[in-house]
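Engineer: Both chains are sitting in their own frames, so use the hints and assemble them into the complex.
Residue numbers (full-length UniProt numbering), protein chains in the order written: chain A, 1 to 271; chain B, 1 to 462.
It is possible that some hints are incorrect.
Unchecked claim - Derived lysine-lysine pairs resembling PhoX-like cross-links, with alpha carbons at most 20 angstroms apart:
hint : chain 1 : residue 1 : chain 2 : residue 2
1    : A       : K118      : A       : K25
2    : A       : K137      : B       : K361
3    : A       : K158      : A       : K137
4    : B       : K456      : A       : K118
5    : A       : K25       : A       : K36
6    : B       : K200      : A       : K118
7    : A       : K118      : A       : K158
8    : A       : K137      : A       : K25
9    : A       : K118      : A       : K137
10   : B       : K361      : A       : K118
11   : A       : K28       : A       : K118
12   : A       : K84       : A       : K96
13   : B       : K265      : B       : K355
14   : B       : K355      : A       : K96
Hints are computed from structural coordinates only; laboratory data are not their basis. Since the structure is predicted, the reported quantities are computational estimates derived from the model, not experimental observations.
What follows is each chain in one-letter form.
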Amino acid sequence: MNIMTEAGVEQKLSSATNAPLIKMKGEKVSVHYGEKRALFDVDLDVREHQVTALIGPSGCGKSTFLRCLNRMNDTIDIARVSGKITLDGEDVYDPKIDVVELRARVGMVFQKPNPFPKSIYENVAYGPRIHGLARSKAELDGIVESSLKKAGLFNEVKDRLLESGTGLSGGQQQRLCIARAIAVSPEVILMDEPCSALDPIATARVEELIDELRQNYTIVIVTHSMQQAARVSQRTAMFHLGYLVEEGATDKMFTNPDDKRTQDYITGRFG
Amino acid sequence: MVGYLVVLLLVLAAAAYWIGRTRAIASVNGDVARLHSLPGQHGMFLALFAAGPALLAIVVWSLVTPGIESSIIADRFSSELSGMGVPQVEAFIRDARAMAFGGLVGFADPTKEAAAAVYKSIHTTSTWIIWAVALVLSASGFYWAYSRIAQAYRARHVVERILRAFLIACSVVAILTTIGIVLSLIFESLRFFQQVPFYKFLFGTHWSPQSAFTGAGAEAGAVNEDIFGMVPLFAGTLLITFIAMLVAAPIGLMAAIYLSDYASKSVRAVAKPVLEILAGIPTVVYGFFAALTVAPYFRGIGESLGLNVASESALAAGVVMGIMIIPFVSSLSDDVINAVPQSLRDGSAGLGATKSETIRKVVLPAALPGIVSAMLLAVSRAIGETMIVVMAAGLAANLTANPLEAVTTVTVQIVTLLVGDQEFDSAKTLAAFALGLVLFCITLSLNIVALRVVQKYREQYD
Chain A
1 MNIMTEAGVE
11 QKLSSATNAP
21 LIKMKGEKVS
31 VHYGEKRALF
41 DVDLDVREHQ
51 VTALIGPSGC
61 GKSTFLRCLN
71 RMNDTIDIAR
81 VSGKITLDGE
91 DVYDPKIDVV
101 ELRARVGMVF
111 QKPNPFPKSI
121 YENVAYGPRI
131 HGLARSKAEL
141 DGIVESSLKK
151 AGLFNEVKDR
161 LLESGTGLSG
171 GQQQRLCIAR
181 AIAVSPEVIL
191 MDEPCSALDP
201 IATARVEELI
211 DELRQNYTIV
221 IVTHSMQQAA
231 RVSQRTAMFH
241 LGYLVEEGAT
251 DKMFTNPDDK
261 RTQDYITGRF
271 G
Chain B
1 MVGYLVVLLL
11 VLAAAAYWIG
21 RTRAIASVNG
31 DVARLHSLPG
41 QHGMFLALFA
51 AGPALLAIVV
61 WSLVTPGIES
71 SIIADRFSSE
81 LSGMGVPQVE
91 AFIRDARAMA
101 FGGLVGFADP
111 TKEAAAAVYK
121 SIHTTSTWII
131 WAVALVLSAS
141 GFYWAYSRIA
151 QAYRARHVVE
161 RILRAFLIAC
171 SVVAILTTIG
181 IVLSLIFESL
191 RFFQQVPFYK
201 FLFGTHWSPQ
211 SAFTGAGAEA
221 GAVNEDIFGM
231 VPLFAGTLLI
241 TFIAMLVAAP
251 IGLMAAIYLS
261 DYASKSVRAV
271 AKPVLEILAG
281 IPTVVYGFFA
291 ALTVAPYFRG
301 IGESLGLNVA
311 SESALAAGVV
321 MGIMIIPFVS
331 SLSDDVINAV
341 PQSLRDGSAG
351 LGATKSETIR
361 KVVLPAALPG
371 IVSAMLLAVS
381 RAIGETMIVV
391 MAAGLAANLT
401 ANPLEAVTTV
411 TVQIVTLLVG
421 DQEFDSAKTL
431 AAFALGLVLF
441 CITLSLNIVA
451 LRVVQKYREQ
461 YD
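Chain B on its own, in the form it takes in the complex (with noise of 0.2 angstroms):
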């Protein structure tokens, strides 16, 4: 097993450093000092060799060896896949590997059964193959990295460039993975283009894809344009975010001046973790706390006007998601509250402003970038939302400015195209996808214009 590998090389290293360690201080007989990098650092470098390069192969590995085993599989087994397309061979494919694994599956197949044998074999001879690599790597790591130690030897310098190289690892995966999301949203969405215009996409005011398909067993060609419109979940969504904006902004800036300017340290104390804890509940309790209380509350009071209020109305899928968004605002706002110098109110008050005055005139306008990005992201948040708007707002994709009605948004939208048994390549889930990269785009323009602002309101303190 490759995870017993990983065990022994953590342990090599560990050992390695130890003897890395022992061996400097013994090259210079225990003067210390005499060494040009610590000991500690000479046992850091003998452990990354040591270690360091059968890891990295074990990756490699890992990432290369499906593959691999897979096309080998598809070419032993070409005669028997070919009538197959692409969705049903990598299902082939899949259901050999989990037999190979001592997994079970729904039901026997000679053809498969086979397949699962060779897998197996194919499986032991890679993993006999990458023991073997990974021992020889880290004995001669160990041997190479041994040999140099020595009085004069700049350890240190080798382990800070290992350990940077690292890092800029790290950062590199969480880039390209980042990437490869966008990436498979733009190709998935290209997809979908091909079967509906993405004028009609863009443009179009009628949604109901569930209806995509004019008969049963209708084959792609049936696929009916007109019925992807995305312009009223998109409409949905912003009344939405609205209304949570409403009750979010004015309530969320208002206790973070308060919390920043007026509460006392013991009342900040509480309060601030308490508004936090807010953030913390999460958003289904919020959705049934929406759907359960608030909705028929407000059908309540409406019907009690004279309204006819749906009960699944935008207008309490917005307020609630809006109390969810307000220690978001709160937080932020207050941060930005607090950078702004001591220096200034004491300016204000020095000049006889009141306290009122001094946050209304010089603190809120020196904060006023700050709080216009942390509003930005709290609507990037809001837009972003799913579940409340799934139990609370409904699924009807209604095009009206009317708060008292059943709106659906784009996160819902997605949530029901991919739920349930779907074909992969059919326009309706492919949807999903066209919804998702306009989804991404306009939270990222937003997340980019508020860190543009909040850059600028930096510079003007530093």
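Bound-form chain A, shown alone (with noise of 0.2 angstroms):
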């Protein structure tokens, strides 16, 4: 799966130079909705290990642009993906890449929590399950436990985990979702805005955890939060109108950014 190319001898070499790794990169990326265009030949990096904010005013296609890289506009009929997206160096867009192992290795967590009608056990057993992750029952039920413990859900749901997930707090069906996606061991995560649905007890218990998840994942983050943006993530991506407006560590970015607009969606004269 690991197929080493140039650019994965690159980012060993620079990994040396303690620089964390390019875990995905996206060239020219744009995409059409019909015949309106959504994204302008966008560049970004995404590094390892590190949590990358994408921030922008509504409409601005940071969500979009997360939906690529796990190929999620594939269930738009009207969407057209044009330009590279690599995933370790492999072209995710490529006819030979295997979507669902594609959406294995990059997993995801909407905006709703959207836990399915099934028991909570269930929910976070789904994945492993259609992967065939598992070869016995008790090497299931050691992923759903350490699933749900990364998530920090473990201690409030060990005695129901045979309820219904739908029945948990908004919270905590995020945190299940998260779970969930965690499950299937994915190499990164993508989160469009998983805490806007939330109240600021339980986005900060998620935000939390989303620091915690950084030792291990890879997170790519769609954020509506300027606040939550400089709380969780290393480096924060700028969106506007479909085009990248600059991309660079948060400190940087919220201290003394180089584009003006950046400066004005930051401290809230626009957006």
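Structural biologist: Below is the structure:
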């Protein structure tokens, strides 16, 4: 699966100088929805074991870009993607790539918690089951437990694993969805405004969780909250009207952005 | 004529609307904003009071007069009618009424002629009375409401209240009609059960009511109780329904899945209406399709396999009935499957599930309660279906589980029991009501279960 390309070699070399590896790379990514163009030649790197935040006003293309990374745009009939996106140097839009396998490696958490109307256990076991990751019931139990633990939900639900996942609170549901994504051991987790439907306390818990998950996974998060981007991310990319305005280390983006639009957006002057 | 009276009242109502509006505007010298209610509401208020009570009186009159008129006739001619039974008296009054209104009765009869003359004069009087009553009510209602219209008068509230009462009345009519039908079913069934014990009816395995009477001119006492066993009919109904569901459930469900999740917009735009046209075909057309095409075809296949297939087989009727129900199942299931939120499909796809995995493991389980209720509604539709089975399944009440034989169903037997010259109070005719009652109970309980399941399903996503 992990074909060593030239880019891969480069990445390995650069890691020697302590800079994080580039996990996913977008080159001249453009998206059309029918006649309408939603994304214009975006070049953006996602670095391993970091949280990359995509910010920008509504309709700026940040969610569209996120959905390109695991080809979720395939489910929209009129969407057309051009340009190149690589995962560990492999082109994810290569016809030889199996979308199913790609999505197992690049998981996704959605804006609104969307647990399946099944038990908590079944929700988490869903992914491992369809990918055949567990050889026995005991192994599956182990995956479910460790996923729930990593998502910080296990202690709250360990006595009611067989109750319906839809009966949990909003914040718990979202952490269940994160556990569900973790259960297939993805390398990258995409989060599309994961906290927008949650109250501040639940949001704080999920943010804490994102920070912990960074140790093992690469995370890309779309958010409308400047504070959230500042709190959880190491790198930030600012989108506007389908263009990538600027991209850089979060500290720098929030203190000394190069582009005036970024400064205006961050300080709340538009958007 | 009362018809003219109704038209007159409607014209009056229109006029009253206009008058009320004008008066309301005049009462504030054209400054409409000062009115509590809109001018149109004042107009509506006046119109309702001008025509409403009178129309109500007409409705009551038309419900009550036939009974009163009949009892007056029966009373005047009590000596002539003394020797007759209840049905004959009813027939006498019916004939008299028909003659009074200019209809033709097969043979003349001086007593009936006299009764018709009396009937006519009574009816003329009562028509005059209702005209007078309606006009008085209309005038006084108009006067009362007209004197109320003023700047601060709350016409809106009155109109709202009257409309509410009207809507309640409409729903009461619908409910009462249903209750009336059920009650008549129950009472006629009780009369049947006086002649045939209900356990013999419910558990008997022999059904041949055409031979209910031992000889010509036999009296009710000679009813043979053992030939009213409904078990063969019930078994036949179940067999045909089962075959129908065997056809309709998988095909309908698969079609629904294709339409909701796989079909492109353009395919869906064509395929869905076409499927629904299937539901618009009259069942009698399916009936001769079953009898003339499908049944001989099955018979041919059966013969080539060395099987003995009856020319009117349960299989043919069931299969055609299944085809008839397909759009029913697919359209209901399609709605249910579409109601499963897109976010669940996305969630599953985001975990790397394929489309068919998503449908099998997420969409269908989520939609299952709705699909089950769609199936139950389809079953109750199949049980109540008559025309196809009349034409394709035959009349022989065989107690068999073999789909290649002829069977008959509850609905078919109701039809044959009531068709033709029948004495209304014979056990044979009353049996139809008992069958109807059983059928009603079955479909009612199926529908209740289906609705319960749907309700439970709705709560899941709200």
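Engineer: Take a quick look at whether K355 of chain B and K96 of chain A sit within 20 angstroms of each other, Cα to Cα.
Structural biologist: With Cα atoms ~18 angstroms apart, K355 of chain B and K96 of chain A stay inside 20 angstroms; holds.
Engineer: Would you mind confirming whether the straight-line C-alpha gap from K361 of chain B to K118 of chain A stays at or under 20 angstroms?
Structural biologist: Since the Cα atoms of K361 of chain B and K118 of chain A sit roughly 10 angstroms apart, the hinted pair holds (cutoff 20 angstroms).
Engineer: With a cut-off of 20 angstroms on the C-alpha distance, tell me whether K84 of chain A and K96 of chain A pass.
Structural biologist: holds, 14 angstroms
Engineer: Is the Cα-Cα distance between K456 of chain B and K118 of chain A 20 angstroms or less?
Structural biologist: Holds. K456 of chain B to K118 of chain A sits at ~15 angstroms (cutoff 20 angstroms).
Engineer: Checking one constraint from the list: CA of K158 of chain A to CA of K137 of chain A, max 20 angstroms. Satisfied?
Structural biologist: holds, 17 angstroms
Engineer: Hinted pair, alpha-carbon criterion (20 angstroms max): K265 of chain B, K355 of chain B. Please report holds or violated.
Structural biologist: holds, 17 angstroms
Engineer: Just to be careful, I want the Cα atoms of K118 of chain A and K158 of chain A compared with a cutoff of 20 angstroms; is the pair within it?
Structural biologist: holds, 16 angstroms
Engineer: Do the alpha carbons of K137 of chain A and K25 of chain A lie within 20 angstroms of each other, as the hint requires?
Structural biologist: Given pair K137 of chain A, K25 of chain A is violated - Cα atoms ~38 angstroms apart, limit 20 angstroms.
Engineer: Straight-line Cα separation of K137 of chain A and K361 of chain B no greater than 20 angstroms?
Structural biologist: holds, 18 angstroms
Engineer: Please verify whether K28 of chain A and K118 of chain A have alpha carbons no more than 20 angstroms apart.
Structural biologist: Violated, at about 41 angstroms.
Engineer: Can the restraint linking K118 of chain A and K137 of chain A be considered satisfied, given a maximum Cα separation of 20 angstroms?
Structural biologist: holds, 18 angstroms
Engineer: Are the Cα positions of K200 of chain B and K118 of chain A separated by 20 angstroms at most?
Structural biologist: violated, 48 angstroms
When held up to the earlier numbered hints, the structure conflicts with 1, 5, 6, 8, 11 and fits the remainder.
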